[in-house]
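Enquirer: This is what each chain is made of:
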Amino acid sequence: AQKVTQAQTEISVVEKEDVTLDCVYETRDTTYYLFWYKQPPSGELVFLIRRNSFDEQNEISGRYSWNFQKSTSSFNFTITASQVVDSAVYFCALSDSNYQLIWGAGTKLIIKP
Amino acid sequence: IAGITQAPTSQILAAGRRMTLRCTQDMRHNAMYWYRQDLGLGLRLIHYSNTAGTTGKGEVPDGYSVSRANTDDFPLTLASAVPSQTSVYFCASSPNPGGSGANVLTFGAGSRLTVL
Chain A
271 AQKVTQAQTE ISVVEKEDVT LDCVYETRDT TYYLFWYKQP PSGELVFLIR
321 RNSFDEQNEI SGRYSWNFQK STSSFNFTIT ASQVVDSAVY FCALSDSNYQ
371 LIWGAGTKLI IKP
Chain B
1058 IAGITQAPTS QILAAGRRMT LRCTQDMRHN AMYWYRQDLG LGLRLIHYSN
1108 TAGTTGKGEV PDGYSVSRAN TDDFPLTLAS AVPSQTSVYF CASSPNPGGS
1158 GANVLTFGAG SRLTVL
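Quick note, the sequences are listed as chains A and B, same order.
In case it helps, the numbering used here puts the first sequence at residues 271 to 383.
In case it helps, the numbering used here puts the second sequence at residues 1058 to 1173.
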């Protein structure tokens, strides 16, 4: 069965700290996609990144970086030097062989000034 | 600004009433989706449409119906609302349902529905 687990329900850190959001997935497919979406307090979900199963290169975009490890079925998300504006709920998702998305329960990230 | 418009933003509804949540996109995306978001459960797919004229059931379709008469509109109807349908509903779209890049979803701002 396809499954995405975000074990951290809520994380609270002080501004400028680094923080890592964990995502562990289960799938029997050999070809799949993994995603991260951000849901700020305004409510609208925003796409952050997509990674396909054949590309294990880590990705860095400014203060954001993603570590994809097939060996541990993980796709973790790190924010470096966190800012208050990073406060949001972050969702990890898996695209299955039917191209439907399986979502994790989300991690609420609170950045304190 | 291109995107998805959902209406209403918020609604309080008596149990047993019929309610339609509206969703319109102007990006000419083929695929559209309805999700509900409940605390601790993430997003759950209610119904989807891969292209105009077709619809499919998602993970939690019971009590909901959809139609896709054209590319732009994808309304979600609750025929007889029940309190367990209290949730935040998100409409989303993607260029196509399959292939690389297909599942990068664009979301609407959500509709908060309370059924009493």
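You may find that some hints are simply not true.
[Unchecked claim] Calculated from the model, a selection of chain B residues having no Cβ within reach of chain A, i.e. all distances over 12 Å:
no., residue
1, Ile1061
2, Thr1066
3, Arg1085
4, Gln1094
5, Leu1096
6, Gly1120
7, Ser1122
8, Arg1125
9, Asn1127
10, Asp1129
11, Ala1136
12, Val1139
13, Ser1151
14, Asn1160
15, Thr1163
16, Leu1173
[What the hints assert, rightly or not] When the alpha-carbon atoms are kept at most 20 Å apart in a straight line, the in silico SDA-like pairs for lysine to any residue are as follows:
no., chain 1, residue 1, chain 2, residue 2
17, A, Lys382, B, Gly1099
18, A, Lys308, B, Leu1096
19, A, Lys308, B, Gly1060
20, A, Lys273, B, Gly1060
21, A, Lys378, B, Lys1114
22, A, Lys273, A, Asp288
23, A, Lys308, B, Lys1114
24, B, Lys1114, A, Gln370
No lab work stands behind these hints, which were simulated from the structure alone.
Fair warning: this is a prediction, and the values are worked out from it, not measured in the lab.
Cβ atoms here follow ideal geometry from the backbone N, Cα and C, with glycine treated the same way.
Enquirer: For every hint, state whether the structure bears it out.
Expert: Structure-based check of each hint:
Against chain A, the non-interface label of Ile1061/B is violated: not every CB pair exceeds 12 Å, the least being about 9 Å. Against the 12 Å criterion, Thr1066/B falls within the reach of chain A, whose nearest CB is about 10 Å from its own CB. The non-interface label for Arg1085/B is consistent with chain A: the shortest C-beta to C-beta separation is roughly 18 Å, beyond 12 Å. Distance to chain A contradicts Gln1094/B as a non-interface residue, since its nearest Cβ pair spans about 8 Å, not more than 12 Å.
Residue-level check failed: Leu1096/B sits 9 Å from the nearest beta carbon of chain A, not beyond 12 Å. For Gly1120/B, the shortest C-beta to C-beta distance to chain A comes to about 20 Å, beyond the 12 Å cut-off, and the non-interface label holds. The beta carbon of Ser1122/B is kept farther than 12 Å from every beta carbon of chain A, the shortest such distance being approximately 19 Å. Arg1125/B, annotated as away from the interface, keeps every beta carbon of chain A farther than 12 Å; the closest lies near 16 Å.
No Cβ of chain A comes within 12 Å of the Cβ of Asn1127/B; the nearest lies about 22 Å off, and the non-interface call holds. Interface exclusion of Asp1129/B from chain A stands, the closest Cβ pair being 19 Å apart, more than 12 Å. Against the 12 Å criterion, Ala1136/B stays outside the reach of chain A, whose nearest CB is about 24 Å from its own CB. Separation of Val1139/B from chain A is adequate, the least Cβ-Cβ distance of about 23 Å exceeding the 12 Å criterion.
A beta-carbon of chain A is positioned within 12 Å of the beta-carbon of Ser1151/B; the least distance is around 9 Å. The beta carbon of Asn1160/B is not kept farther than 12 Å from every beta carbon of chain A, the shortest such distance being approximately 5 Å. A beta-carbon of chain A is positioned within 12 Å of the beta-carbon of Thr1163/B; the least distance is around 8 Å. A cut-off of 12 Å between C-beta atoms confirms that Leu1173/B is not in contact with chain A; the least separation is 22 Å.
Restraint check: the Cα-Cα separation between Lys382/A and Gly1099/B comes to about 24 Å, which exceeds 20 Å; the hinted pair is violated. Straight-line distance between C-alpha atoms of Lys308/A and Leu1096/B comes to about 15 Å, which keeps the hinted pair within the 20 Å bound. Between Lys308/A and Gly1060/B the alpha-carbon distance is near 17 Å, which keeps this suggested pair within the 20 Å criterion. Using a Cα cut-off of 20 Å, the hinted pair Lys273/A and Gly1060/B is violated, with the two alpha carbons roughly 29 Å apart.
The suggested pairing of Lys378/A with Lys1114/B is violated, with an alpha-carbon distance near 29 Å, which exceeds 20 Å. With a C-alpha separation of about 27 Å, the suggested pair Lys273/A and Asp288/A falls outside the 20 Å cut-off, and the hint is violated. Only pairs whose Cα atoms come within 20 Å are accepted, and Lys308/A paired with Lys1114/B is rejected, the gap being roughly 25 Å. For the given pair, Lys1114/B sits about 11 Å from Gln370/A by alpha-carbon distance, which is consistent with the 20 Å threshold.
Hint violations for this structure: numbers 1, 2, 4, 5, 13, 14, 15, 17, 20, 21, 22, 23, all remaining hints satisfied.
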